[in-house]
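Working from the sequences, and respecting the hints, build out all of it.
There are 4 protein chains.
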Amino acid sequence: MIAQIRGKLILKTVSMVIIDNHGIGYEVMIPLSTYYELPDVGSEVSLFVYTFFKQDSILLVGFCTENEKQLFKLMISVSGIGPRLAVNVLSGINSSELIHAIANNDLNRLLKVPGLGRKMAQRVILELRDKVSGWTSKEQITFINNKKDAIDQSVMEEDAISALINLGYKSQAAKDAIDRVISEGGENKSLDVILKKALKVLAM
Amino acid sequence: MIAQIRGKLILKTVSMVIIDNHGIGYEVMIPLSTYYELPDVGSEVSLFVYTFFKQDSILLVGFCTENEKQLFKLMISVSGIGPRLAVNVLSGINSSELIHAIANNDLNRLLKVPGLGRKMAQRVILELRDKVSGWTSKEQITFINNKKDAIDQSVMEEDAISALINLGYKSQAAKDAIDRVISEGGENKSLDVILKKALKVLAM
Amino acid sequence: MIAQIRGKLILKTVSMVIIDNHGIGYEVMIPLSTYYELPDVGSEVSLFVYTFFKQDSILLVGFCTENEKQLFKLMISVSGIGPRLAVNVLSGINSSELIHAIANNDLNRLLKVPGLGRKMAQRVILELRDKVSGWTSKEQITFINNKKDAIDQSVMEEDAISALINLGYKSQAAKDAIDRVISEGGENKSLDVILKKALKVLAM
Amino acid sequence: MIAQIRGKLILKTVSMVIIDNHGIGYEVMIPLSTYYELPDVGSEVSLFVYTFFKQDSILLVGFCTENEKQLFKLMISVSGIGPRLAVNVLSGINSSELIHAIANNDLNRLLKVPGLGRKMAQRVILELRDKVSGWTSKEQITFINNKKDAIDQSVMEEDAISALINLGYKSQAAKDAIDRVISEGGENKSLDVILKKALKVLAM
Chain A
89 MIAQIRGKLI LKTVSMVIID NHGIGYEVMI PLSTYYELPD VGSEVSLFVY
139 TFFKQDSILL VGFCTENEKQ LFKLMISVSG IGPRLAVNVL SGINSSELIH
189 AIANNDLNRL LKVPGLGRKM AQRVILELRD KVSGWTSKEQ ITFINNKKDA
239 IDQSVMEEDA ISALINLGYK SQAAKDAIDR VISEGGENKS LDVILKKALK
289 VLAM
Chain B
89 MIAQIRGKLI LKTVSMVIID NHGIGYEVMI PLSTYYELPD VGSEVSLFVY
139 TFFKQDSILL VGFCTENEKQ LFKLMISVSG IGPRLAVNVL SGINSSELIH
189 AIANNDLNRL LKVPGLGRKM AQRVILELRD KVSGWTSKEQ ITFINNKKDA
239 IDQSVMEEDA ISALINLGYK SQAAKDAIDR VISEGGENKS LDVILKKALK
289 VLAM
Chain C
89 MIAQIRGKLI LKTVSMVIID NHGIGYEVMI PLSTYYELPD VGSEVSLFVY
139 TFFKQDSILL VGFCTENEKQ LFKLMISVSG IGPRLAVNVL SGINSSELIH
189 AIANNDLNRL LKVPGLGRKM AQRVILELRD KVSGWTSKEQ ITFINNKKDA
239 IDQSVMEEDA ISALINLGYK SQAAKDAIDR VISEGGENKS LDVILKKALK
289 VLAM
Chain D
89 MIAQIRGKLI LKTVSMVIID NHGIGYEVMI PLSTYYELPD VGSEVSLFVY
139 TFFKQDSILL VGFCTENEKQ LFKLMISVSG IGPRLAVNVL SGINSSELIH
189 AIANNDLNRL LKVPGLGRKM AQRVILELRD KVSGWTSKEQ ITFINNKKDA
239 IDQSVMEEDA ISALINLGYK SQAAKDAIDR VISEGGENKS LDVILKKALK
289 VLAM
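Residue numbers (the working numbering), protein chains in the order written: chain A, 89 to 292; chain B, 89 to 292; chain C, 89 to 292; chain D, 89 to 292.
Any given hint could turn out to be false.
Copies of the same chain are indistinguishable here, so a pair counts whether it falls within one copy or spans any two.
[Said to hold, decoys possible] Straight-line distance between alpha carbons at most 25 Å, and here's what the computed DSS-like set of lysine-lysine pairs gives: (1) K96 <-> K219; (2) K200 <-> K263; (3) K200 <-> K285; (4) K142 <-> K161; (5) K207 <-> K258; (6) K96 <-> K200; (7) K207 <-> K161; (8) K219 <-> K285; (9) K277 <-> K258; (10) K284 <-> K200; (11) K219 <-> K200; (12) K200 <-> K258; (13) K263 <-> K207; (14) K142 <-> K258; (15) K258 <-> K284; (16) K263 <-> K277; (17) K200 <-> K288; (18) K288 <-> K258; (19) K219 <-> K277; (20) K258 <-> K219.
Everything labelled a hint here was simulated from the structure, so no lab data went into it. Nothing here was measured: the structure is a model prediction, and the numbers come from that model.
Next up, the structure:
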C-alpha cells in the first residue's frame, strides 16, 4: 500500500525512524545498513517502504535503496522469515555479499549473520538461489525513473515475458510470441508496443 | 475507503505503479489496459482506485476510467474471482468486448482470455449477464462531474428507485411511488425533490 | 480513527460521496438526510465521519452534523444493527423524530421506517431509551468549537462525572466528589480545575 | 505506524480529541494528564501517538510527551492491560509517581489508582520493575531531536549494546565487543562508528 515516504527525519534510532510528512509522523523500522546512510535528525529524507500487514498490526519497513527493499521482499518470501529477522539479516551483511553468498551456496558466510541458524540458512539458499542468480545479472525490479530510464533491450524482453506469464499465458507461449515480435522488427520498440503485438500473436 | 489517487507517477511497470501524493508513495496494481494509457514517469496522473481488503493486507487497484473500475467491482463479485484474476481478465480483453461477450453468452470469446477457464467463464456469464445487460444501455454508475452533469430523466428515475430499494422499500412500492411523483409534475425535478416527494408518498 | 474529512466533492450519489483531500479521494457512505444537505459536485464540503472497521474492510460513514454521527453510533451499539441498516434508518426518519419515537416508546412510528422490523424496533427502544432520554435534555457529546464554546454548568458537571466514571471511580463516589467541589466554590470553574479538585478529594 | 500527529485541535473532551491535519480529522484517545496540558480548541497541537491495532479496529492514543508514550507502551506490555486501562492508569497518577511506585514495590500507592485491582497491580510491579528501574537512571528511549541531541557516552554505549542484542548477538558478546571498541579509542565516537567497529570485532 505505502511504498515510499518523503519528509523530515524527527527521530532516529538504530532500528527505527520517525518521518514527518506534512504533520503526520510515520514510524518506520529500518536495517542498520539504512541507519548508516541516514542524515542527521531534522534533514529531509526519502525511504523506499514495504507495508507489512500482520494479523494484529501494520508495520512500515524502510530502506535507502529500492534494491534493498526488493531483497527484503525476497527474504520474507522464505517460510519462517518475518520482517524482524529479515531486517536483522540485512543489518548483519551487506546486500551484494548476501546475494553472492546465496547464489554461490556459501553456507558458512550466511552462518556468520547473527540470528540466522543452520536450518534457516540452508532454506534461504534452497528457496532463493534461482531467484537471486537472475538478480545478479541485472536489477530484478527495473526502477524506471528519471535516473534509470534507459532500459536495455534484454531487460525489456524479460519484463514483457514476465508480464505475459503474470497474465496467465504459458511461459513457452509467452517467449515464442515475444521472439516473433522482436524478429519481425520489434527491436528498440517500447514495452507497450511489444506487449500489444505479442498479445495479438497470442490471440490468433 | 480510498477511491481516487492523484499525484506524480514515480514508478511504472506493466502490473504496478507508484504514485507520489505529497511525499507518500502509494503502490497501485493496474491492468494492462491502464498501463497503455499512462504517461511517462514523472508526469501527473489520477487513477480511479478500488481499496481491496484481504485477510492479511490492503491492496489498491487502479484504473484510468470509472467505468473500468465498476467492471472490476462486478468481476470480483463473482465467487472465486479475486483481484489478481479480475485484473488479468481486464488486461486480456477490452471493456466493451468483455461487456458484449458476457451480455451475449459468447463463451468462446471469454475462453480466449488467459487464466479464465471454462467453468469460471460460464459462472461469469451466469452471475453477470443481467447486471451487465443493464450496463450496456447506460453507465451503471452515474459519474456526476463537470463533464457529465446532464443526467437524463430515465437515469434519474432509475437512481431514485434504486435509492428507495437500498433504503429497504419493496421494489414495486418504490416504482409506484416514483411513477406517481413523476405523473404529478415531477418531470425535470432534481433527484432530491423526487426522492423527498416519493418518501412522503411511501410514508402515507 | 478518521473523524472528519474536508475537501472537494467529486462524486455524489444518494448513498455515497467521494471527497478529494489534497489528491486522495475518500469514498464515504452517507444517509439520505446528509445527501439533501450537500452542495453540488465541485464544492468544498466537510463531513463528520465514523470509521467503521469490519472483519474484511474499513468503511467511512459521513454526516453533515456531529449530532447525526452520535445518533449513528448509538444505533450501531444495538446488537444486530450494522452500518448499512443504521444509515437506512437515519435516511428514513429525521433525527429529532427518531429520538422522540425512541424516548416515548412510539413503536408504530419506528415501524414506518423501511427495513426496521418489529423485533428490531422493540430492541432499539429497549436498548436506547435511557441513553436517548438523557440526549433530549442536552447535546450528548459536547461539540466544543468556536461556535459552541459556551458550555453551561450542568453539562460541565455531567462531563466531569462521566470522566471520573470512565477512569474507574464508582458513580456515587464521582457524584459526591463533584458536588463537594462545586459546593466549595467550584461554580464557573473550568472542567480542568473541577476534575483536578475532584481527583484530590477521591485520593484522600 | 502513525507515531505523531500535528494539526489544529477541533474537538477536546477529557478522554478524546480530534486533530485536523490538512482537512483530515484524526480521533485520538488521551489520558487526563495530556488533557490538562492541551491548549484551547482552535490552537495548533502536536501529540506523540501510539497506533493500537485491535482485532476489529485501529485506535490512536496520544500523549504530550514521548516519555508518557513509552510508559503507555510498557503498561500495555503487561498481560491483561489494554489501551483503555493503561490510559486510565496514566490519568490516575502522574508518570514519575507511577515509575517510582513500580520501582519501589509500592503496592499501596498503585492500589489508589482507580480501576487497578490488587492482582493487576502486583503483576504490573512483577513485570515492569526491572524495565522501569533502568528507566529511572536515564530516558528509556533516547529522543534524538534538536532539543536533545547531546547523547551522553553511557546512553550511547547502552544503545549500541541493545542494537547488537536486537540483531541477534548474545548480550555478553555484545558487551565485550563494545567495551573493546571503547577501550581502543572509541570514546566520543558517534553511534555509527561504534557499531561498525563492534560488528567487525564480532565478525572475527
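Evaluation of the provided hints:
1. K96 <-> K219: For K96 and K219, the Cα distance exceeds 25 Å both inside one copy (35 Å) and across copies (31 Å).
2. K200 <-> K263: between (40 Å within a copy, 18 Å between copies)
3. K200 <-> K285: between (49 Å within a copy, 16 Å between copies)
4. K142 <-> K161: both (15 Å within a copy, 19 Å between copies)
5. K207 <-> K258: between (34 Å within a copy, 19 Å between copies)
6. K96 <-> K200: Neither, since 35 Å and 42 Å both go past 25 Å.
7. K207 <-> K161: Only inside one copy: K207 and K161 sit 20 Å apart there, 34 Å across copies, limit 25 Å.
8. K219 <-> K285: neither (28 Å within a copy, 32 Å between copies)
9. K277 <-> K258: For K277 and K258, the Cα distance is within 25 Å only inside one copy (23 Å; across copies 55 Å).
10. K284 <-> K200: Between copies only: 15 Å across, 48 Å inside.
11. K219 <-> K200: within (22 Å within a copy, 30 Å between copies)
12. K200 <-> K258: Only across copies: K200 and K258 sit 13 Å apart there, 41 Å inside one copy, limit 25 Å.
13. K263 <-> K207: Neither: 36 Å inside a chain and 27 Å across chains, both beyond 25 Å.
14. K142 <-> K258: Intra 33 Å, inter 27 Å, cutoff 25 Å: neither.
15. K258 <-> K284: Intra 17 Å, inter 48 Å, cutoff 25 Å: intra-copy only.
16. K263 <-> K277: Within one copy only: 17 Å inside, 56 Å across.
17. K200 <-> K288: Answer is between: at 11 Å across copies they meet the 25 Å cutoff, but 51 Å inside does not.
18. K288 <-> K258: Classified as within: same-chain Cα gap 15 Å, cross-chain 48 Å, threshold 25 Å.
19. K219 <-> K277: neither (27 Å within a copy, 40 Å between copies)
20. K258 <-> K219: Cα proximity of K258 and K219: one copy only (19 Å, versus 32 Å across).
In the structure shown, a violation is registered for the earlier hints numbered 1, 6, 8, 13, 14, 19, in ascending order.
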